[in-house]
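Asks: Sequence:
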Amino acid sequence: MQLARLSVFTVPLPIHLGCRCKDSSDMRTVAHRAFDALLEEESAKGAAYRDFHLCDREYAKFQNWLSERLCSIDQQLELEYERRRHEATTRQSSRSGRTKVSGSSRSLAMLKRAETAARTAKLKVEMKYLEHKTNLRQIQ
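Heads up, the sequence shown is in UniProt numbering, so the first residue is 1 and it goes up one at a time.
Derived by calculation from the structure, the hints in this document are not laboratory data.
Fair warning: there could be bad hints in the mix.
Unchecked claim - Computed spacing ranges between beta-carbons, pair by pair:
no., residue 1, residue 2, range
1, Ile139, Gln76, 33 to 39 Å
2, Ile139, Glu80, 39 to 45 Å
3, Asp26, Ala118, 20 to 26 Å
4, His86, Arg57, 42 to 48 Å
5, Arg113, Ala48, 46 to 52 Å
6, Lys128, Ser105, 31 to 37 Å
7, Ser43, Arg113, 54 to 60 Å
8, Arg33, Ser105, 50 to 56 Å
This one's a predicted model, so the numbers in the text were calculated from it and none came from an experiment.
We treat Cβ as the ideally placed atom computed from N, Cα and C, and that holds for glycine.
Between the sequences and the hints, there should be enough to build the whole structure, so can you do that?
Replies: Written out as structure tokens, the structure reads:
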């Protein structure tokens, strides 16, 4: 599997995919160990080991790219939301000259900002985790 083929994924993906990726990585490791136990020849084990680590590195790179992409999309959505919110608050009533912002829309805006900040923080932590995991595997 080449990373170039994976660049077609340009659509926003659900945030919960990050959790599945970690489980998938663990499942691949367990499957590789079980497969390795079935192999008898050292040359076959070495080839399987190299193939596994090549695929694992590509998977880690893709996972990192995916986390960066989700973070970027989150930031774009936040900017778009802020732009629309700013446009809505600057519209003035023709009669009173006051802005049209209610208390409920302020609460909603604060809630959206908090949710976006939490998602962004989660993605940044996942990116750091993946970088550390990749670095540890390269050291081994």
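Asks: Within 42 to 48 Å: is that where the Cβ-Cβ distance between histidine 86 and arginine 57 falls?
Replies: holds (43 Å)
Asks: Can the suggested window of 31 to 37 Å be confirmed for the beta-carbon pair lysine 128 and serine 105?
Replies: Given a distance of about 35 Å, which is inside 31 to 37 Å, the answer is holds.
Asks: Would you say the C-beta atoms of aspartate 26 and alanine 118 sit inside 20 to 26 Å of each other?
Replies: holds (25 Å)
Asks: Isoleucine 139 and glutamine 76, beta-carbon distance inside 33 to 39 Å?
Replies: Taking Cβ atoms as reference, isoleucine 139 and glutamine 76 lie about 35 Å apart, which means the hint holds.
Asks: Does 50 to 56 Å hold as the CB distance between arginine 33 and serine 105, or does it fail?
Replies: holds (54 Å)
Asks: Do arginine 113 and alanine 48 keep their Cβ atoms within the hinted range of 46 to 52 Å?
Replies: holds (48 Å)
Asks: Using the Cβ atoms, figure out if isoleucine 139 sits within 39 to 45 Å of glutamate 80.
Replies: Check passed, 41 Å falls within 39 to 45 Å.
Asks: Taking 54 to 60 Å as the hint, is the beta-carbon distance of serine 43 and arginine 113 inside that range?
Replies: Between serine 43 and arginine 113, where Cβ atoms are some 57 Å apart, the hint holds.
In the structure shown, no violation is registered for any of the earlier numbered hints.
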